[in-house]
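Number of protein chains: 2
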Amino acid sequence: MKILLTNDDGLYAPGINCLFNVLKEKHTVYAVAPEREMSATGHAITLHKPLRVKEVELEAGMAQAVNGTPSDCVKLALEAILPSPPDLVISGINRGPNLGNDVFYSGTVSAAVEGYFLGFPALAVSLVIKNDFADFDFGARYINDLLSRHGQKIINSRYLLNINFPPGGQEEIRGTKITRLSKRNFSNIFDQRIDPRGEKYYWMTGSIEEKKEEGSDTLAIEEGFVSITPLCVDLTHHEQLKDLKNLDW
Amino acid sequence: MKILLTNDDGLYAPGINCLFNVLKEKHTVYAVAPEREMSATGHAITLHKPLRVKEVELEAGMAQAVNGTPSDCVKLALEAILPSPPDLVISGINRGPNLGNDVFYSGTVSAAVEGYFLGFPALAVSLVIKNDFADFDFGARYINDLLSRHGQKIINSRYLLNINFPPGGQEEIRGTKITRLSKRNFSNIFDQRIDPRGEKYYWMTGSIEEKKEEGSDTLAIEEGFVSITPLCVDLTHHEQLKDLKNLDW
Chain A
160 MKILLTNDDG LYAPGINCLF NVLKEKHTVY AVAPEREMSA TGHAITLHKP
210 LRVKEVELEA GMAQAVNGTP SDCVKLALEA ILPSPPDLVI SGINRGPNLG
260 NDVFYSGTVS AAVEGYFLGF PALAVSLVIK NDFADFDFGA RYINDLLSRH
310 GQKIINSRYL LNINFPPGGQ EEIRGTKITR LSKRNFSNIF DQRIDPRGEK
360 YYWMTGSIEE KKEEGSDTLA IEEGFVSITP LCVDLTHHEQ LKDLKNLDW
Chain B
160 MKILLTNDDG LYAPGINCLF NVLKEKHTVY AVAPEREMSA TGHAITLHKP
210 LRVKEVELEA GMAQAVNGTP SDCVKLALEA ILPSPPDLVI SGINRGPNLG
260 NDVFYSGTVS AAVEGYFLGF PALAVSLVIK NDFADFDFGA RYINDLLSRH
310 GQKIINSRYL LNINFPPGGQ EEIRGTKITR LSKRNFSNIF DQRIDPRGEK
360 YYWMTGSIEE KKEEGSDTLA IEEGFVSITP LCVDLTHHEQ LKDLKNLDW
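Chains A and B, in that order, give the protein sequences. With the first sequence counted from 1, adding 159 to any position gets you my numbering. With the second sequence counted from 1, adding 159 to any position gets you my numbering.
Heads up, some of the hints might be wrong.
Derived contacts from chain A toward chain B, CB cut-off under 10 Å, selection only [what the hints assert, rightly or not]:
| # | residue |
| --- | --- |
| 1 | Met160 |
| 2 | Glu373 |
| 3 | Leu406 |
Keeping only pairs whose Cα atoms sit at most 25 Å apart, straight-line, the calculated DSS-like set for lysine-lysine is [said to hold, decoys possible]:
| # | chain 1 | residue 1 | chain 2 | residue 2 |
| --- | --- | --- | --- | --- |
| 4 | A | Lys208 | B | Lys401 |
| 5 | B | Lys336 | A | Lys404 |
| 6 | A | Lys336 | B | Lys213 |
| 7 | A | Lys312 | A | Lys185 |
The hints are simulated quantities; they were obtained by calculation from the structure and are not laboratory data. Ideal Cβ placement from N, Cα and C applies to all residues, glycine included.
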């Protein structure tokens, strides 16, 4: 399989390197990722400055570092860099989960969505960190195994999958659950401070208000399962569409 | 009505100022917007630098300029700045349309989505520019009229609406259509150049591959109608979810 690999933690992050190392054994892997961390960039794209691509040597092989967002990397890779189209786009493994509404803010998920928009099946892969422990190697082997078992299905159906690993690594994983996105709301708290010049400024902080509904990605992760959610990219609210048509315009 | 007004073209852009001017006649308007243009920022949020808010005087009244993204503005306004919760969040009027897949890249739409996430009905409002002509005043009066006629319904049902105006202004508008998002794909072309130091760089350009399907927002705009699309924020692909559950995990 030919795989385009990207992420939003940057090309030197352990998650993407671990995945690159494991996947290259069976697959042709093209790693094209931001040169630095780009978390919480959402689906940002770079229109107003030139993009530069630098070839760098990683432990797993040669890769391309881009001075842009994850979405930029995928566009650039698919339309200007790769010698031929890949079979699959994989974004990750992200340091930290991307669950529920997070998918709107996540550079990891946006890169996968971008690949999907351009016609390819895509996986967004993220891992919960606990006590600074992240078993990226387990995650990478899980993805490798997933491709062996269901890779053809993923390609044929052109799935866009959001995959999250619970903390703890292989020993503690209880299995896999196919889930829907939870309604995960941030309660944003802005920490208001005064700078040395007497000017007010704010830090964005906040806690997550979890709704751990049955069948949701958040609950699966909480219970120690790998969570796989199929995503759609049509944001039309088809039910409300009918209601609205009945109003007088 | 109490309205939080924001945009992604920046607080000094004509679209938001025109809307502020018209809406303030009947409503209490709080304008909180980026201090500079933030187009194509997607749903980016600012976690790693402090946010600053500056009170500025616009023609329509006092407003707050934020050194952040449209989503930052909405979060900050709703959780730290506004004296009481608004009835409605409006983002726009954007200079240029936000149709089909654009909604993923659009700061204008993201600001409305952010308001929706935080519990409020929201409108994203955008206007097609043609030959540098933009009738923001028509757009503003349309929104004002929309609120008079259907404001209570929008609030009660907590709608999230993506509204686009065709070019041409009042004389050429043929009416309003309730639409679904089109599958609008960018064909990204990267213009590869060499800088004075001999280094390669790329500009992102590209054309839009329109699929003007019946009932779509793109077609409505093409035909001279105002397009209103109700949006949902659950990206779960519920049909594929059933298929995937049948695989062996």
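Handout entry: Earlier hints that do not hold, by number
Key = Numbers 1, 2, 4, 6 - these are the hints that the structure violates, sorted from lowest upward.
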